[in-house]
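Here the protein sequences line up with chains A and B, keeping their order.
Counting in our numbering, the first sequence runs without a single skipped number right up to 371 at its last residue.
Counting in our numbering, the second sequence runs without a single skipped number right up to 1282 at its last residue.
For the record, the hints were derived by calculation from the structure and aren't laboratory data.
Some hints here could point you the wrong way.
Claimed, not checked - Straight-line alpha carbon distances no greater than 25 Å define the calculated SDA-like cross-link-like pairs of lysine to any residue that follow:
| # | chain 1 | residue 1 | chain 2 | residue 2 |
| --- | --- | --- | --- | --- |
| 1 | B | Lys1062 | A | Glu261 |
| 2 | B | Lys1062 | A | Lys96 |
| 3 | B | Lys1107 | A | Arg138 |
| 4 | B | Lys1107 | A | Pro280 |
| 5 | B | Lys1107 | A | Gly225 |
| 6 | B | Lys1062 | B | Arg1094 |
| 7 | B | Lys1107 | A | Arg272 |
| 8 | B | Lys1107 | A | Phe344 |
| 9 | B | Lys1107 | A | Asn230 |
| 10 | B | Lys1155 | A | Ile360 |
| 11 | A | Lys96 | B | Thr1052 |
| 12 | B | Lys1107 | A | Val273 |
| 13 | B | Lys1062 | A | Arg358 |
| 14 | B | Lys1106 | A | Leu201 |
| 15 | B | Lys1062 | B | Glu1091 |
| 16 | B | Lys1062 | A | Arg91 |
| 17 | B | Lys1062 | A | Ile264 |
| 18 | B | Lys1106 | A | Arg91 |
| 19 | B | Lys1107 | A | Phe328 |
| 20 | B | Lys1107 | A | Ser283 |
| 21 | B | Lys1107 | A | Leu108 |
| 22 | A | Lys96 | B | Lys1107 |
| 23 | B | Lys1062 | A | Leu90 |
| 24 | B | Lys1107 | A | Ile228 |
| 25 | B | Lys1106 | A | Leu361 |
| 26 | B | Lys1106 | A | Arg95 |
| 27 | B | Lys1107 | A | Arg358 |
| 28 | A | Lys96 | B | Ala1148 |
| 29 | B | Lys1107 | A | Leu201 |
| 30 | B | Lys1106 | A | Glu229 |
| 31 | B | Lys1152 | B | Ser1045 |
| 32 | B | Lys1107 | A | Leu90 |
| 33 | B | Lys1062 | A | Gly271 |
| 34 | B | Lys1062 | A | Ala265 |
| 35 | B | Lys1106 | A | Ala219 |
Unchecked claim - Stretch by stretch, here's where chain A covers chain B in the computed footprint (C-beta under 8 Å, at least three residues):
| # | stretch |
| --- | --- |
| 36 | 991-1001 |
| 37 | 1026-1036 |
| 38 | 1191-1200 |
All residues carry an ideal CB built from backbone N, CA and C; glycine is no exception.
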Amino acid sequence: METLRFLLRKLAADRTAALGALLILLLIVVAIAAPMLSTHPQDVTEFNPPGRLQPPSVEHFFGTDRMGSDVYSRLLFGARITIAIAVIAIGVSVLIGIPVGLVAGYYRNWVSDALMRISDIFLAVPQIVLAIAIAQTLGPSIENVILALSATYWPFWARLVYAETRSALNETYVEASIALGASPGRVMLFHVLPNISSSLIVRTTIGMGGTILTAATLGFLGLGPPAPSPEWGRTIAESREFLPEAWWYATAPGLAIFLVVMGFNLFGDGLRDILDPRTRRSADG
Amino acid sequence: MDDLLTVADLEVGFQTDRGLARVLDRVNFHVGRGEIVGLVGESGCGKTTLARAILGVLPANAARISSGVIDFDGRNLLAEDPQGLATEVRGRQITFVPQDPFSSFNPVFTIGAQIDELMKWKSPDSEPGAAARFYPRVRRRADRGRVLELLRTVQLPDPEGILKKYPHEVSGGQRQRLMIAMALLPEPQLIIADEPTTALDVTIQAQILKLLKRLAAERGVSVLFTTHDLGTAYEICDRVTVMYAGQEVESAPSDDFFAAPRHPYTKRLLESLPSREHGISGIPGQIPALIDPPSGCRFHPRCTRVSDRCAARRPDVTDAGPAHRVRCHHPVGIVREAAS
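Next comes chain A alone, as it looks inside the complex:
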């Protein structure tokens, strides 16, 4: 509780991080409250061809798209897809990457080598290319996008945890607890993990931004959820043929992606400064 209050105070002092947090908060609120905030919730599935490609107005904040649906409403529902993809993909990556990194970092035998070589293989191919290949092979759907992103993102966490574990094992206090009979699991969970949690949190936050961008790229290439899904990347792809006349059609989802990714990056950078243990002070300090 004290830590949380401390975090909030620090966040308030750091303007860019606060802006990032605000953007992330906005994304979450929008995703949850999409049915209430949207002006034409039925437009996600229903079309109104006569009213297609209308410019922004009081009736349609961001105009209408090629099917006559309200761009603003579809944008709000698209936020749900974005959050679902990013959270699940990152969650899976973290759940695979952390144990792999811990085990590979703690032991110094063939298991460790094997795990790191496997993650090297994944890292050798550019992440976006591998994700496209996987998504292309499996076919367009939300599940496959999540699968493609998880499969290509976990090695980043494995690498990070591996390196941090290796350096943590050289600390006197870790050596001491091993000498006193602490089990490998205990050392990993009580000594290594708490010490690397701040870099993990920062990496995860910034990784969210990257994941959202990659997910949008997959959507743009038609590898994401199929039409009529309001996924942002797909919406931008659809809008291309109507540029530059129907500028609002592409601008709305583009701006949304930009703001969300920037939000995660700013917040991640801010967290990096805040979570640095050297600048942290005890609860009563």
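Put chain B on the given structure of chain A with help from the hints.
Using the frame of chain A, we list chain B on its own:
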């Protein structure tokens, strides 16, 4: 005297890319009950390796212990099951004060939490080896009282406050006091202090050393104290053992050691202390590479009293006075009757 710790013919090597580095060469060494022994030598002479061998924390993948016995209170630490030693001996009967007080605490937990963790497993009230999954409240309270008392004994201001702090919030000297307190808390028989004051200011060093000496004397705890600083060794040690390039060369009670060194290396070492009369002087030559060390006495290439015998075989342990042992074919200041 019945010795608490006896190291006999200990040989330790490290596997490197260029071959086996023979870091300890048949080292003999002992610590009596309640005795403060200084282990002195230059950097890289094997002091820390010896200390780590006793603690059982040599890196398992590189270190090779090829022969020798480490006998602690009747138990051979090299032969016994490591897990049993970890629960019964390490952290209970043998404790450790590290060199660097800055990496000795986990930075993300409060000092109090870390001392509690130690006491949960290693409190003198707890059964060795008993699963300390939970920490009975009665014992926790008793331990807390013991901790506060000891923190006062090591002259830390506001013990209750310090327990709530994070390690980076206290000074290096305070951390080292905490380390000494933590080493004493399990009521051990032997404390191994590996250059405990090297990282500290000179003014703090003296305080810490005196504290360590006083507490060890009061509680009858033996201390093995490694240092490269002869001055600090003189300050607190009952007996000093000198190592050179992985061999112990001389061991003597402190007064005798500084007044009448027998081994040429010890003599040169003492002379190399900066002084007003002699200025600054060193020992010509370099520490030998441990991959392919000199044969016999490893000091012979730099020694002024060298003879053919020195390279041929390592000198045996010779008595050179009460409790004074030296390993040299041509010791300083002894007229050999047998010498022709």
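Now the hints, each set against the structure:
1. Among the hinted pairs, Lys1062/B with Glu261/A is consistent with the structure: their alpha-carbon atoms are about 18 Å apart, no more than 25 Å.
2. This hinted pair does not check out: Lys1062/B and Lys96/A have alpha carbons roughly 35 Å apart, beyond 25 Å.
3. The suggested pairing of Lys1107/B with Arg138/A is violated, with an alpha-carbon distance near 65 Å, which exceeds 25 Å.
4. Between the alpha carbons of Lys1107/B and Pro280/A the distance comes to roughly 17 Å, so the proposed pair stays at or under 25 Å and holds.
5. With a C-alpha separation of about 55 Å, the suggested pairing of Lys1107/B with Gly225/A is violated against the 25 Å cut-off.
6. Using a Cα cut-off of 25 Å, the hinted pair Lys1062/B and Arg1094/B holds, with the two alpha carbons roughly 20 Å apart.
7. The suggested pairing of Lys1107/B with Arg272/A holds, with an alpha-carbon distance near 23 Å, which does not exceed 25 Å.
8. Our distance criterion of 25 Å between C-alpha atoms is broken by Lys1107/B and Phe344/A, whose separation comes to about 42 Å.
9. Between the alpha carbons of Lys1107/B and Asn230/A the distance comes to roughly 48 Å, so the proposed pair goes past 25 Å and is violated.
10. Distance restraint check for Lys1155/B and Ile360/A: the Cα-Cα separation of roughly 42 Å exceeds the 25 Å cut-off, and the hinted pair is therefore not satisfied.
11. Between the alpha carbons of Lys96/A and Thr1052/B the distance comes to roughly 21 Å, so the proposed pair stays at or under 25 Å and holds.
12. Straight-line distance between C-alpha atoms of Lys1107/B and Val273/A comes to about 22 Å, which keeps the hinted pair within the 25 Å bound.
13. Taking the CA atoms of Lys1062/B and Arg358/A, the gap is near 34 Å; set against the 25 Å cutoff, the hint is violated.
14. As the CA atoms of Lys1106/B and Leu201/A are separated by approximately 40 Å, the hinted pair breaks the 25 Å bound.
15. A C-alpha spacing of about 17 Å is found between Lys1062/B and Glu1091/B, which places the hinted pair at or below 25 Å, so the restraint holds.
16. Distance check on the hinted pair: Lys1062/B and Arg91/A sit about 31 Å apart at the alpha-carbon level, beyond 25 Å; violated.
17. Straight-line distance between C-alpha atoms of Lys1062/B and Ile264/A comes to about 16 Å, which keeps the hinted pair within the 25 Å bound.
18. For the hint pairing Lys1106/B with Arg91/A, the CA-to-CA distance comes to about 18 Å; that is within 25 Å, so the pair holds.
19. Pair hint Lys1107/B plus Phe328/A does not hold up; C-alpha atoms about 62 Å apart against a cutoff of 25 Å.
20. Between Lys1107/B and Ser283/A the CA atoms are separated by roughly 20 Å; this keeps the pair inside 25 Å, and the hint holds.
21. Between Lys1107/B and Leu108/A, the direct Cα distance comes to roughly 32 Å. Violation of the 25 Å bound is thereby established for this hinted pair.
22. For the proposed pair Lys96/A and Lys1107/B, the alpha carbon gap of about 20 Å is at most 25 Å, so the pair holds.
23. Restraint check for Lys1062/B and Leu90/A: not satisfied, since their Cα atoms lie roughly 28 Å apart, outside the 25 Å limit.
24. Only pairs whose Cα atoms come within 25 Å are accepted, and Lys1107/B paired with Ile228/A is rejected, the gap being roughly 48 Å.
25. The hinted pair formed by Lys1106/B and Leu361/A meets the criterion: a straight-line CA distance of about 19 Å does not exceed 25 Å.
26. Between Lys1106/B and Arg95/A, the direct Cα distance comes to roughly 21 Å. Compliance with the 25 Å bound is thereby established for this hinted pair.
27. A hinted pair counts as satisfied when its Cα atoms are at most 25 Å apart, and Lys1107/B with Arg358/A qualifies at roughly 22 Å.
28. Restraint check for Lys96/A and Ala1148/B: not satisfied, since their Cα atoms lie roughly 41 Å apart, outside the 25 Å limit.
29. Restraint check for Lys1107/B and Leu201/A: not satisfied, since their Cα atoms lie roughly 38 Å apart, outside the 25 Å limit.
30. For the proposed pair Lys1106/B and Glu229/A, the alpha carbon gap of about 47 Å is over 25 Å, so the pair is violated.
31. The hinted pair formed by Lys1152/B and Ser1045/B meets the criterion: a straight-line CA distance of about 23 Å does not exceed 25 Å.
32. Pair hint Lys1107/B plus Leu90/A holds up; C-alpha atoms about 18 Å apart against a cutoff of 25 Å.
33. For the given pair, Lys1062/B sits about 18 Å from Gly271/A by alpha-carbon distance, which is consistent with the 25 Å threshold.
34. Proposed proximity of Lys1062/B and Ala265/A is supported: the alpha carbons are some 16 Å apart, at most 25 Å.
35. This hinted pair does not check out: Lys1106/B and Ala219/A have alpha carbons roughly 53 Å apart, beyond 25 Å.
36. With 3 residues carrying a beta carbon less than 8 Å from a beta carbon of chain A, the stretch 991-1001 of chain B meets the three-residue requirement, and the given coverage holds.
37. Only when three residues or more bring their CB closer than 8 Å to a CB of chain A does the claim for the stretch 1026-1036 of chain B stand; here the count is 4, and the claim holds.
38. Taking a C-beta to C-beta cut-off of 8 Å, the stretch 1191-1200 of chain B contributes 0 residues in contact with chain A, too few for the three needed, and the coverage statement is violated.
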